[in-house]
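Engineer: Given the structure of chain A, go ahead and fit chains B and C onto it with the hints provided.
Here's the letter readout for the chains.
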Amino acid sequence: MSIRDAVSVADPAEVGSAMHELMAELYPICRSITGEGFRTTLSTLAKHVDLDVHEVPSGTQVFDWTVPREWNIRDAYVANSHGERVIDFRDSNLHVVNYSVPVDAHMPLTELREHLHTLPDQPDWIPYRTSYYAEDWGLCLSHRQLEALPEGNYHVVIDSSLTEGHLTLGECLIEGESTDEVLISCHACHPSLCNDNLSGVVLATFLAKALADASPRYSYRFLFIPGTIGAITWLAHNEDKVDRIKAGLVLTCVGDSGGFTYKRSRRGDAAIDRAMAYTLATSDSPYEIVDFSPYGYDERQFCSPGFNLPVGSLNRTPYARFPEYHTSADNLDFVRPEHLAGSYSLTLAALRVLEEDNTFLNLSSKGEPQLGKRGLYGSLGGGSETERSQMALLWVLNLSDGQHSLLDVAERSGLPFELLVDAADALLDAGLLAPA
Amino acid sequence: MSIRDAVSVADPAEVGSAMHELMAELYPICRSITGEGFRTTLSTLAKHVDLDVHEVPSGTQVFDWTVPREWNIRDAYVANSHGERVIDFRDSNLHVVNYSVPVDAHMPLTELREHLHTLPDQPDWIPYRTSYYAEDWGLCLSHRQLEALPEGNYHVVIDSSLTEGHLTLGECLIEGESTDEVLISCHACHPSLCNDNLSGVVLATFLAKALADASPRYSYRFLFIPGTIGAITWLAHNEDKVDRIKAGLVLTCVGDSGGFTYKRSRRGDAAIDRAMAYTLATSDSPYEIVDFSPYGYDERQFCSPGFNLPVGSLNRTPYARFPEYHTSADNLDFVRPEHLAGSYSLTLAALRVLEEDNTFLNLSSKGEPQLGKRGLYGSLGGGSETERSQMALLWVLNLSDGQHSLLDVAERSGLPFELLVDAADALLDAGLLAPA
Amino acid sequence: MSIRDAVSVADPAEVGSAMHELMAELYPICRSITGEGFRTTLSTLAKHVDLDVHEVPSGTQVFDWTVPREWNIRDAYVANSHGERVIDFRDSNLHVVNYSVPVDAHMPLTELREHLHTLPDQPDWIPYRTSYYAEDWGLCLSHRQLEALPEGNYHVVIDSSLTEGHLTLGECLIEGESTDEVLISCHACHPSLCNDNLSGVVLATFLAKALADASPRYSYRFLFIPGTIGAITWLAHNEDKVDRIKAGLVLTCVGDSGGFTYKRSRRGDAAIDRAMAYTLATSDSPYEIVDFSPYGYDERQFCSPGFNLPVGSLNRTPYARFPEYHTSADNLDFVRPEHLAGSYSLTLAALRVLEEDNTFLNLSSKGEPQLGKRGLYGSLGGGSETERSQMALLWVLNLSDGQHSLLDVAERSGLPFELLVDAADALLDAGLLAPA
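Protein chains in written order, with numbering that gives the first Met the number 0: chain A, 0 to 435; chain B, 0 to 435; chain C, 0 to 435.
Only chain A is shown next, with the shape it has when bound in the complex (with noise of 0.2 Å):
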């Protein structure tokens, strides 16, 4: 099955529920940038993709970064002088500020609040907040819960350990043709939140899925690691690699019912960047096209000026401009099987461009060629109209010179660029077309 036939047999349908399916499995965990939660999350996907599970140490450097230590969580509450516990954490992992050192206390609520977190303004939501690289420790709830409390003593617990351990990233080759690489990367370090972080999750992993039986002509690289350092920590580990990248996504929140929005790499014009334009163009979806920011996702750090890779952004909705952005609103119902549908589709028909564009030289290129005694053209005679297919025949002949690609054509020709790759492909056999 080749790319073209991944995107045309794929029954939408199937393939987003599917993914919803395992976000589900996906959702109770409780990830952060390290621990156990990391590791359970890569050993869901390999049971759906094949994976390399890399180990770096606490403590490591890596660039101007050095790999934290390891955080893990078993249990954490508050409980009022009853021993009830008024929050817990076995009820969303969102309650406990990620990376939150251990604590064990007994403190008035006066004192307790300095360390609850809300919003005021959405009462029934539970925020979702870090302290990676600053050693605190809270707990975030409703608005309405924090309300309900009354004054009192509370038992703090948090039952967590930060301790020498590893950062752990996942990685999937595909190994197509060429050694030249797609890379494909995701964050994957949030707890219980759907569109921002699941969504890319599964829908990276779907394509790995479709393309590792597809025989592609790219060889793709998946990336399911924590955002930020876990990006720095593989480009530290894979400097000699980054040469073969030729074209990038980062996918996240691509889960939501909004149109599509892509962000470019920095670079501005690269092939992805023309890829995802032309897909985006002709397909039936809203979009925006933005241009690089050194804010977002992953793409900062593959986008920062010593690697500068050829590297997009696509989400639905972008970060932050949905109100569920970072709350436990973010949910299994936020994001729809049809929406992780539509990413999917759009994500691989524009790979499908990527992998089909080609630039060709026009082996008759000294006027036209008879493309009637080939069986090429219709008979036109005196008729008017000449169909899009023939109009495709001649455009790739015209602008075959090696200096224009089939994107290229489709650009300024306005014909579907795979209408393009078949007049290409019938040019090959009737041997008027070689590869530049």
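For the record, the hints were derived by calculation from the structure and aren't laboratory data. Incorrect hints may appear among the rest.
Said to hold, decoys possible - Below, simulated EDC-like cross-link-like pairs (lysine to aspartate or glutamate); rule was C-alpha separation at most 20 Å, straight line:
1. B:Lys365 / C:Asp63
2. B:Lys372 / C:Glu238
3. C:Lys240 / C:Glu170
4. C:Lys365 / A:Asp63
5. A:Lys208 / A:Glu238
6. B:Lys365 / C:Asp135
7. C:Lys372 / A:Asp135
8. A:Lys372 / B:Asp74
9. B:Lys365 / C:Asp239
10. C:Lys372 / A:Asp63
11. A:Lys365 / B:Asp242
12. A:Lys365 / B:Glu238
13. B:Lys372 / C:Asp135
14. A:Lys365 / B:Asp63
15. C:Lys365 / A:Asp135
16. A:Lys372 / B:Asp239
17. A:Lys365 / B:Asp239
18. B:Lys365 / C:Glu134
19. C:Lys372 / A:Glu134
20. C:Lys46 / C:Glu170
21. C:Lys365 / A:Glu238
22. C:Lys365 / A:Glu134
23. A:Lys372 / B:Glu134
24. B:Lys372 / C:Asp63
Stated by the list, open to error - Covered, in the sense of this in silico footprint (three residues per stretch, anywhere, with C-beta under 8 Å from a C-beta of chain C), are these stretches of chain B:
25. 351-365
26. 393-400
Cβ atoms here follow ideal geometry from the backbone N, Cα and C, with glycine treated the same way.
Structural biologist: The following block gives chains B and C in isolation, referenced to the frame of chain A:
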């Protein structure tokens, strides 16, 4: 008489009438891509311009093509059982599918119908059909004529011949000061069709007449050739000459009442593209400028990637955009003298821009030269309005750094090209400018 | 005091008043392109700035021009038959056509009229007229004044002299850290005319005062010169210095109530063009940016093709666009202190952009450096809003590849230039950035 004089002297009404008259003389001839009709057309043109006629034998290989057998026709008709001609080549040469093989057969209407072509949507018009490269025969008629035919037996006669012979090319070279050439090409292979092809033929003829008297700077090569195979044959036999071609135009459909359509060369920014754009923008006519596409007329061949010549194409209403296209309604009434005259004036004006565009060096480039002491500058004193002719002097001086031609100056300054030519002449006379 | 302090410290109302006061002191002087009036003007300015005065003898060849004879005038009038002065130079120095040759003659009004200039459309205003390079004489008066003159004989006296003397140039050099120069030029050759020329003269003077205290990075060269011949003379005598000029501005018509008009240098994309565009776009003033054209003020000379210096021109309402232009109505009331102050602030702000624009190299360019451990980054945690100052750090880091200056970063990021300068300072202090 310079080209400037040719532009201004010509009486449009007179030129338009003379062009229409020549078109009327050419109209009845049954032309095809080879044969006596094409030769008679050239000998008619030879009464107006100095024409070289080249005969290329059937079977000659020209790039990917082979010169076809020569087609000639004496008569053709369909007669009913009473021997009455119900379709008669003598009424219109469009009645025969061009390049039909000879036929002399009796058949019922049911069988004959398979060889009859009509336009149900335009029931009074005869379509124009060809079968150059597939051996076939057929007859064209109005739909009303077809509907009036009773069932019964008919006698079909096509007294044509397809024999080893020649392809004929007409060429007129007007030598200018330079061996750099401007190519003006038109196809002359359509039978009684006025806008699509005779309008281009008579426009090219009258441009050649004007330029023969104009001592032009460029040499001008006019081609009167059959479409596609003629251009390919000419290119194949003149590969050593194409480097001389610095600009070119393919002319056809220049006699209808529509605004102008200029189709850029494949390069998109050739001198002819800029000269036409400027001339159209400063004309009073409605117009449209479109990018090159590899369909249309012989610009397809001149702009094939192996040549990529700076050749654009001028039409009024382009092929297939007017209902009369390739029908008997594209006749002497459809093309009007005033539209031919307008096309003549516009094309000459654009050629004038090509001829007069030059790049200069300001010989007094440090500060402004003192124009006043040379009588080139009005005494501006404290007055507030500066004449446009003085602005023209200043603009030409300021941009004459060897990098900007007068057309660049016109585009940047918004001043008329003619005024800048005059300014450059005055500055040359004053010794302030030299050719770059 | 740095230029940054100069921008923020200056009290606009105070500066505007001081500029208008100096203008009032200069207003009565009868200036011309040579002579005592010009010298008096310079000696007045020398009370404010450190001025070098250069005298260039009449007859000196400067490129295509010759330094003219020096013109001086003591008195001029037209008296009626009763000896009463009906036109009196002592009322307004505009009454005499500038550079008028001496006259002492009696003539009837009919003959005198040929030497009288009025503005019938503005009957109360005296026009300004000159005759620098043609020997002539004349008088200017209001149209109402002319209409009131009875027929009869008049005594015309112009007590002027045209003699071998000098052309005078004023120059003020403020040495900065670098020998690279910014040129600020204004013409100071018009008599009692405020917007067109004194507004530019006082703006240049006050900029020089501010920069003299500001220890600037660039050296600043201020020219107070006669229009056209002054600029040509200065260029001819300083050809060896012009390579140092990295930016420049010609200043005039900066005191009326109109919005700003910035005219780009001939290059169109010089540092001054970008600094002015940025400063105008981020100011509150209405403005227009126009392309270079070879008419206007001394940018014509600085941007002649033999020099092509990066010199633009700043006006409020450009010459000839306000009815008061070159009339007695361009007076001390027409130019207001607040408009002078606004021009001062805007120009200083643009110079500050020039001064502070720099290109850096990110010394930790692989991945992002860890800003948090350096105290440069707020604990973002899961919060959704990032401060603009943190975005400024990220943008400067991301684009500091030696190819982008801070102004590039400002344009691409949409962040204020000042914020990016501060970010770069912080990153320099943290050792994360080095000058490129």
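Engineer: It remains to establish, for every hint, whether it holds in the given structure.
Structural biologist: Hints versus structure:
no. : hint                : verdict
1   : B:Lys365 / C:Asp63  : holds, 8 Å
2   : B:Lys372 / C:Glu238 : violated, 24 Å
3   : C:Lys240 / C:Glu170 : holds, 13 Å
4   : C:Lys365 / A:Asp63  : holds, 8 Å
5   : A:Lys208 / A:Glu238 : violated, 26 Å
6   : B:Lys365 / C:Asp135 : violated, 29 Å
7   : C:Lys372 / A:Asp135 : holds, 15 Å
8   : A:Lys372 / B:Asp74  : violated, 29 Å
9   : B:Lys365 / C:Asp239 : holds, 13 Å
10  : C:Lys372 / A:Asp63  : holds, 10 Å
11  : A:Lys365 / B:Asp242 : holds, 14 Å
12  : A:Lys365 / B:Glu238 : holds, 10 Å
13  : B:Lys372 / C:Asp135 : holds, 15 Å
14  : A:Lys365 / B:Asp63  : holds, 8 Å
15  : C:Lys365 / A:Asp135 : violated, 29 Å
16  : A:Lys372 / B:Asp239 : violated, 28 Å
17  : A:Lys365 / B:Asp239 : holds, 13 Å
18  : B:Lys365 / C:Glu134 : violated, 26 Å
19  : C:Lys372 / A:Glu134 : holds, 12 Å
20  : C:Lys46 / C:Glu170  : holds, 14 Å
21  : C:Lys365 / A:Glu238 : holds, 10 Å
22  : C:Lys365 / A:Glu134 : violated, 26 Å
23  : A:Lys372 / B:Glu134 : holds, 12 Å
24  : B:Lys372 / C:Asp63  : holds, 10 Å
25  : 351-365             : holds (count 4)
26  : 393-400             : holds (count 7)
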